[in-house]
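These protein sequences, in sequence, are chains A and B.
Mapped onto my numbering, the consecutive letters of the first sequence carry residue numbers 1 to 518.
Mapped onto my numbering, the consecutive letters of the second sequence carry residue numbers 1001 to 1234.
There could be a bad hint or two in this list.
[Stated by the list, open to error] One side of the interface only, derived from the structure: several residues of chain A facing chain B at Cβ under 7 Å:
(1) V405
(2) I410
(3) T433
(4) A438
(5) R501
(6) V503
Treat the hints as calculated values from the structure; they're not laboratory data.
Small disclaimer: the values here were computed from a predicted structure and weren't measured.
The beta-carbon is built from N, C-alpha and C at its ideal position, and this holds for glycine as well.
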Amino acid sequence: MLKELLIQYAFFLHGSKRYKNIKTTAYNFLLNSDYEYKKYFDIFMISLIVVSIAILVYEVKNPVPYWVDFFDIYLVTVIFLMEYIARVWVHNDWHKQVVKEVGEAEFLNRKVSLWRPSKETLKGKIRYLLTPTAIIDLLAILPAYRPLRVLRIFVLFRVFKLLRYTKSINQFLGVLASKKFELFTLLFLLVFITVTAGIAIYVFEQNENENIESIFDALYWALITISTVGYGDISPVTPEGRVVSMMIIVSGIAMISFVTSVIVSSFSEKLDELKENRIVEELNKKDEFMIICGYGQMTRMFLRYYAKEYTNRYIVIENDKDKVDEAIKEGYKAIHEDASRHDVIKRFNLQYSNITLLALTGNDIANIYITLNAKSLSRKIKVIARARTEKMIKKYQLAGADSIVRPNVIADRMLYTAITQPVMYKAIYAILTGKNMALLDEINLSQSELLVGKKIEELELKKQKLLCIGLQRAGEEGEFIFNPPVETTLEEGDILLVMGRKVSIEYFRSIYTKVKYV
Amino acid sequence: MFNRKALMFGYSNTTKFLAENLTKELHYLVIIVDDEESYQEAKKAGYRVKLLDITDDNALEELDVAEDDYLICVMKDHYINVFLTLSLHALFPKTTIIALSDSYHATQKLKMAGATRIIDLYQVSANRIHNILTKPVATKLIERLFSPEEEFSFKEILIPKNSILDAVMVDDFDFSKHGIILVGMIDKRLSKQFIFITSGLENRFDVGDTLVCIGYNDDLNKFEEYIKGKEDES
């Protein structure tokens, strides 16, 4: 009976959208670094940690008011505890394991066991609880227990807890971890020299030097000397001891130089990667952004004119390091990667963000491959590709490109118009480049309830010095009506194409739409 | 058909496109190249072609160029294109020079060299991409207006003598009755500048003004015929 109820409960959780939403939100706040609002949660937690450390440190020598203690015990600690529980909760799902178990049991025609999924879930949670970060989280809760003052030493774990929320420290540790082998080799060498020198000084001076009474004193002296700190509380008194001293001072300097060079070189190696990761992470927090593949003439021109309009909402991916450096020098956000690689595009927030990918390399094969790569990862990505030849258009379409731009064709048509219809050329050029005098713009009726149901003649466009050029009916298959009759009624989701001065369009929008024109 | 000549410098896909389409529009078109291979190729394709050293001012000076002709610089090498533009501007300062550019810097140089119109290969594409991103419906319409296969387009219409539009105020004429949209015009009385109808100026149509309209090709042609007669608007 209980088993049946638990299974039903698991299925209820599995099918509950509300539960899923709550858990996803908790996951986003706690673990999803691409989530836009996570940074606010992190800032809040950092502030709590700093305040609680300040209280605990101040409390060592000074009495604190009751409310401060109350704040630390009940508020900070309760929040830490809730966060700890939430992290354990989001780590894995019991109901998913149960559903899987039921499915497998039905398939294999065996009895459903609740023990198996519960064990798997528990094992996962225990594995998480034993991770260093989870242990730090738990220990950071303990200083709040006032009867045992010794627990206050765990305030240190609140400092460590900061690591969870500060990316730069984590990145620093990551860089050190990448040089694990070199650092361990140096550490081994340091231990070896310290122990050797400690033993030597102990053998030479144990009977001569009153400050060296045990091997521990000798090792302590060796470490203080090799680190070049040299407190001076223990110093060699025999010539042999001084020789050992000189030798380990020289070794110490060499060791420090080695360690410094290892850390510096690993940083310089990783610096670009760290910067690039930061750019990608920032971008992933946006609802909408653009990936521009290739930094050739076309990208240069696009960014020269429009980079400001897409500030912090684009990234250039280029596989030629010199070109990346050039782009960065120009002030653009660029990373050195190959956009045709699966893992490169996968780094972006394909699930939550609306991504437009511009395949603008000068090579059709590369552009088609980039298009296929992006579309294979998510059909949601909008791809605008540049094609060099007419023959390639079909291939781009098959690869899934949403729009194809052919620079030569556009330029040829412009040249042709400039020669045959010079007056019209000016008009078209102004419209194409969005000049203030002749902006061809879209009024989206989904942003304006006030327009829905109105007839075009009621909008008094002429009075507002606007021209109605066309009307796109709602939906993907919606009809486009060029020069619609004035008695046409506007419907929800329609897009009205108007032409006029920027100021006229802005004014029109301010009257009818909720969205302020930018 | 215009009674104008076009001299096109360089032989490329752009030249071929223009040559094929301009032959219908202009009464004389010549392709000028500076290498034997292009010369033979263009000749074989049936175009009127001349071979000359375009860096030689004397050779250029001998070309028959009038003030209202077109000089089109579409050389593959953009250094030569800029140099050629400069030479042509020095020799024929009043003639319209249209040049093709492939970079921002080349565009700047062509401007300084005296090109009247510069079509920047990548700028127009950059605009197109931006328009696709921000105004997809408008961009589709512009593409359709450009496409020769579409049933609607832009058209320049000159107001002829005895036209019914002569001395009519812009606001007093209803273009929607004819199914077309007046985008702008060149008012000969005021200036030679193109004026968008949305700029709010109160203009009057006069003989010699040029109207730029959008509409279905049939409607545009009918309207062009319609304004020729000095009769009451029906």
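Here's how the hints hold up against the structure:
1. Proximity of A/V405 to chain B holds as hinted, the smallest CB-CB distance being about 5 Å (cut-off 7 Å).
2. Interface restraint check: A/I410 against chain B, minimum CB-CB distance 5 Å, threshold 7 Å, status holds.
3. A least Cβ separation of about 5 Å between A/T433 and chain B falls short of the 7 Å threshold, and the interface hint therefore holds.
4. Residue-level restraint check for A/A438 holds (minimum Cβ-Cβ distance to chain B is 5 Å; threshold 7 Å).
5. Contact between A/R501 and chain B, as hinted, is supported at the beta carbon level, the nearest pair being about 6 Å apart and thus within 7 Å.
6. A least Cβ separation of about 10 Å between A/V503 and chain B goes past the 7 Å threshold, and the interface hint is therefore violated.
Hint 6 from the list above is the single one not met by this structure.
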